[in-house]
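Going line by line, the protein sequences match chains R, C, H, B and Y. The opening position of the first sequence corresponds to residue 1 in our numbering, with each subsequent residue numbered one higher. The opening position of the second sequence corresponds to residue 297 in our numbering, with each subsequent residue numbered one higher. The opening position of the third sequence corresponds to residue 593 in our numbering, with each subsequent residue numbered one higher. The opening position of the fourth sequence corresponds to residue 922 in our numbering, with each subsequent residue numbered one higher. The opening position of the fifth sequence corresponds to residue 1176 in our numbering, with each subsequent residue numbered one higher.
By construction, these hints were calculated from the structure, which means they are not laboratory data. None of these values were measured; they are calculated from a predicted model. Where hints are given, some of them may not hold.
To be verified - Below, in silico cross-link-like pairs of lysine-lysine (PhoX-like), each with a Cα-Cα straight-line distance of 25 Å or less:
no.	chain 1	residue 1	chain 2	residue 2
1	R	K118	Y	K1319
2	H	K907	H	K683
3	Y	K1319	B	K1065
4	R	K135	Y	K1337
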Amino acid sequence: MDKTKPTLSVLDWEGKISTAPAKDTSIYAVELTGCTRQFPTPGGETYFAVRDINLKVVPGRFVSIVGPTGSGKSTILNMAAGLLNPSAGSVRSFGEPVIGVNRRASYMFQQDPLLPWKTVIDNVSLGLTMAGVSKAEAYSEARRWLEKVGLKNFADRYPHQLSGGMRKRTAIAQAWIVNPDVLLMDEPFSALDVQTRQIMENELLQLWQESGKAVVFITHDLDEAIALSDEVVILGAGPGSTVVGSYEIDIPRPRDLLDIRDDPQFVALHREIWGRLKIEVSKTYQTAMAEEGDVA
Amino acid sequence: MDKTKPTLSVLDWEGKISTAPAKDTSIYAVELTGCTRQFPTPGGETYFAVRDINLKVVPGRFVSIVGPTGSGKSTILNMAAGLLNPSAGSVRSFGEPVIGVNRRASYMFQQDPLLPWKTVIDNVSLGLTMAGVSKAEAYSEARRWLEKVGLKNFADRYPHQLSGGMRKRTAIAQAWIVNPDVLLMDEPFSALDVQTRQIMENELLQLWQESGKAVVFITHDLDEAIALSDEVVILGAGPGSTVVGSYEIDIPRPRDLLDIRDDPQFVALHREIWGRLKIEVSKTYQTAMAEEGDVA
Amino acid sequence: GAPAAAPPGQSGSAAAGGAGSSSVIIGIGGQTLLTYLPVTLAQELGYYQEEGVTVDLQDLQGGSKALTAMIGGSTHVTSGYYEHTIQMQAKNQKVKAFVDMGESSGLALLVAPKNEGNIKSIADLKGKNVGVTSPGSSTDMFVKFLLAKNGMQQTDAAISAIGAGSSAVAAMEQGQVDAAVMLEPDISVLTKRIGHDPVILEDVRSADGLKEVFDTDAWPSSSLYAKTEWLDQNKETAGKLAKAIKRTLEFIDGHSGEEIAAKMPEKFAGGDKALYAKVIEDLKKTLSKDGTFTDDGVQAVLETQRVANSEVGNKDIKLQETYTNEFVR
Amino acid sequence: MSPLAMRSTQLLLTIAVLGAWELSVRAGIVDEFFFPLPSDILQTVWVWVSSGFVFPHLWVTMQEAILAFLVGAAVGLLLGFVLARVRFLERLLDPFLQMFNALPRVVLAPIFLLWFGLGIWSKVAFGFTLVFFIVFFNTLEGVKSVDRVLVDNARMLGASEKQLLRHVFIPSALTWIFSSLHISVGFAITGAVVGEYLGASAGVGYAIAQAQGVFDTQGVFAGMFILMIVVLIIDLLVNRLERHLLRWRPVQSS
Amino acid sequence: MSPLAMRSTQLLLTIAVLGAWELSVRAGIVDEFFFPLPSDILQTVWVWVSSGFVFPHLWVTMQEAILAFLVGAAVGLLLGFVLARVRFLERLLDPFLQMFNALPRVVLAPIFLLWFGLGIWSKVAFGFTLVFFIVFFNTLEGVKSVDRVLVDNARMLGASEKQLLRHVFIPSALTWIFSSLHISVGFAITGAVVGEYLGASAGVGYAIAQAQGVFDTQGVFAGMFILMIVVLIIDLLVNRLERHLLRWRPVQSS
Ligand SMILES: Nc1ncnc2c1ncn2[C@@H]1O[C@H](COP(=O)(O)OP(=O)(O)OP(=O)(O)O)[C@@H](O)[C@H]1O
Ligand SMILES: Nc1ncnc2c1ncn2[C@@H]1O[C@H](COP(=O)(O)OP(=O)(O)OP(=O)(O)O)[C@@H](O)[C@H]1O
Ligand SMILES: [Mg+2]
Ligand SMILES: [Mg+2]
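Okay, chain R solo, but in the shape it has when bound:
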């Protein structure tokens, strides 16, 4: 692995670094400043996917983004990963502007990103072999990860021979194995059953707690977002959605994911965030229903 460890990796998740702007901008593992992204529409106009997004994540922090469908969550992650240039604003990672892909991040995509011509184990070990790790070593590491995601016995299958949830888990292992400084995850657990999901959530927390990684996590499950995160960011209704709220989750760690839903702090936070989120989601629907689009 040729990635250099961030100088800040000593700050672990207990560090509780506030998101207030710091003088030393290199402190942020991911820093989106005033990011706007527009797309041309078929009608020839421009559609603002997100507008004026400010998102700052220090190393060691776990931030979830929730928001109505189509509000621009994936767009934000794409910009943070360096795969999509913002139309306005700047993206930085550890103080460096992100040009091309963000080499210090690993990204688990919402879509199916497995290479169909590689077996499960080749897919999982890909990041390592490309970093120059020997094949034997990469394979044994990949097996370790496959075991974690419960796919040990499917190592030599091709992706088309897997179920939807198995493909997702392979993608998770693929993203985790490279041990990056920033983990970007777009709805990683939505195709999994409840129990598998909890196992995965625990794995993720463990992985994250072991090091000073920053995690940006997209989910539709508010419970999940609150249970896992230090901070939950709510994205407003589109078009041109922006951050409408940010909630600090101060439930002490380590958290017991099984029982956390009964925690009074959790319940209170859930009610508060859900109240806000509901407004945004309804807005999305009102917009969609009421507005006369150009196709009507």
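With chain R held as given, fit chains C, H, B and Y with the ligands onto it using these hints.
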């Protein structure tokens, strides 16, 4: 629409027809008898995805299938749709053996099934135009459905210009518009936020209640399964999983999806089913962790 | 037809050989064309070897290709039509012929079977479609010359390329052209297929025909030529080649068609040995006896070129630089 | 880079290459007998164009090439689709098609002349044998590599075999088809010209053969130059059509 | 249908066609001058093979064809990949490549002879110009149609441009590449044969040309027949390679 209405469509959802074998087999909208499906593995052996599945769904009934990831839920739906031949056993629909695709069913796939070269509205209206409906009529019908799924303003976008959740909703509208006798849905709402999900669930219930459709619904969300269904079928852990339990959900209809989680009947059923499901999911993990696979 | 021998080894790209080289690559403008028969026959008779040169024959499927290959340095000597040397002089390329094999071009202007009653003279060709092997070839120029000789415009007849061999025979038989300039053995094959002698408007295969069309006794056609530079540097080799060809011409003169055919590789007969022997017998009268050029002959060729080839036209041509009899004497 | 800047760069490149050529011929590095001066070639082109000499020839060649292209592409598409859908036929016929594809067309010239005469149809047949195989093999592979889920979805929505073709297979194979069309534009013209070159009474190939027969290399190059320009124009049109039909594809950001 | 049954069906089909041909020639419906009796052709093939006459020729042709195929495919792949990755170059060079693709190769024969001599290299160059364009255009399109998410994923996993090529672009474009290879097998042989046909002293094309020059249609057909058999064998090998390299693809159930 050239599809003939089933003679049994008068039986609506309140009919509460038991799943016990009936003399008149044509009563079942979907009937899988002793269906087994195996796949060749890379090692040259055969892998049993599902074994000896018996599933009978009468028209007007809403059946959910839950089970651990990789247990064969999609495989069952594929067989019911006629896209996959069972290695053993038989598939019938309304008494007819299913040869080729099941013409009386509509299937919402787990994967992304939108045609990338068609706009949203063309994708949604596809089923109608192919059935010979005039373009104008198909478009106005498609617009009605797009409105239901909240995509009215995105009618002229191409799939790659949509977010993940929007693509799912387009696929939902595409499957619903053809007004089939059997609705097969594979995790339709998993990529949607909670509120959108509830709107969709309500739409689905409405669509189903209006007619005597049979619905086979796959979900990982047990709450959702119980809230919507007449029956919840639990699939065991793979390989060679089979139906390990079937629960009749006798919560009276119409149900209020918002408050149903507080219903004592719901809570009791949830506890019961969850207890059973948990065993299966843990089994899956034990298998995956303990067993020495051929790659270890 | 059953082949007799394995092909000669494919020699790599040949840099124009150094002085005194006794190994020569000859490019033939169509090895199966009868008019180039002496070049192959000399090889079969072993005359080149007896004279002390090793000859590698390359079949280049057409006179102009053989010439171009030689200009490009792929071959040393070309077995092609003498007229090329004149054309090359017009293009500032110094090429000199040193053995004459054909006294006559061996061409004949035939009327297609379907027009046998209609076309009786050159003048009848007006507005008709005349087939040639390829545009710009000597068959094409033959037509142009005949038209001009009969006081017609070159555009009075449409010229179609019909190739040689079976495509030419088919085009004539099916009447896709109204008339065509043809060579042996195509004429004999056509005759055999239509079952009677075709109507021939002009025939320069005989001395009479030559006299009538070109007003000369000889019209040098197939010959060996090389770049003047190469000739100057390889006088000895050229002499050996010329000697071998001259001996071959004498051999042909002294033997019957059958005897000659027997010496040629079997595959050249194309399955019909009798026909092959017959056309060789016919060929004998168009071949030169001693390999020398005559002043009348070369002059006649130049006249044809002036009339039929706009690239030569009225350019100043020094005929003595286009041929030499120095090596055959 | 703007289209205009791109065109200028291309023009500059062309001029640079032609300039280098001109200079090396004048300096005697390159043999004028084989590579005439570009300025002479352009002059010949000008003569051919201004005298109107080339237009009847070009018209004939274009007819042949366009017919060969259309017929070859149509049959290639049709057979490609049929064989991709009927696996039995594909397995049955594949070796035969491969064998025929390896037949040297030039050798077949006499048979084409025999069957189709000296007119344009023998050249169309010539071009056809080139275009057909390219389009056929690509269509076959294109249809075979269509995403399974899309096909299944369309079938579940009630698509007949014809509708599957129209809504799924053709659009999905379109990138393949266009790739083969890009290749075949050139081959259609090549086919027509070579056909003319071997036997014809008109066409650019005939004109080139005539020039070559009298060692008029300027004429040969002029003919090829004119062909190149024509191909350029056709390719522009094909590109435009492609852009229109494939407008659903995500724009490639580099 | 089992492979054996398939082969038998193909054999039957072949026999049926040849039988019909034989009969119609014997009945005088088809002219033997142009279409000799299949039995005679096979006999000639037998003579060529048993006398060993054909093998040196075949060896020369195979050398040329294989070299043309390898070099053409290699350069086509390379340029295809480079141009697909560097959009600027693609836009710059596309019109030139299109123009060159439309040049009639037969006309260029003298230039090939000039540059590459009379030996095998001029024929290799001939075949190259056919193979190259087919492979190039398909590779270009194949790389351009790679799923965006796969590329992004590989890049996020740290792929360098070279690794992207190896792990994503090449495997993804492999169906495209194989399609073009299927086409080019035939064209490589065609190129070699036509090259020989225009000027050579050995090779199957030379043998065919000589047979044609002396009205030996049996010989012409025998030569083509031998070529077809050779292509069949090569295609079998290419198919096997393809099946191996594309083994990750879902099995197509019909
Ligand atoms: N290439 C594109 N062209 C046009 N519009 C686009 C494009 N990509 C995204 N969009 C639009 O941007 C908006 C945000 O998309 P994005 O994928 O970021 O949503 P999301 O929050 O991830 O939604 P979901 O939860 O459904 O995945 C959507 O309205 C979408 O239509
Ligand atoms: N083509 C195939 N070849 C081999 N195995 C397959 C194939 N398709 C499915 N399987 C196997 O069958 C099993 C069941 O797959 P299926 O997709 O039905 O699971 P599922 O219940 O839908 O899972 P999920 O909830 O993750 O979507 C899995 O173990 C999968 O690996
Ligand atoms: Mg998204
Ligand atoms: Mg599934």
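Checklist line | Unsatisfied constraints (hint numbers, rising) | finding: Those not satisfied: there are none.
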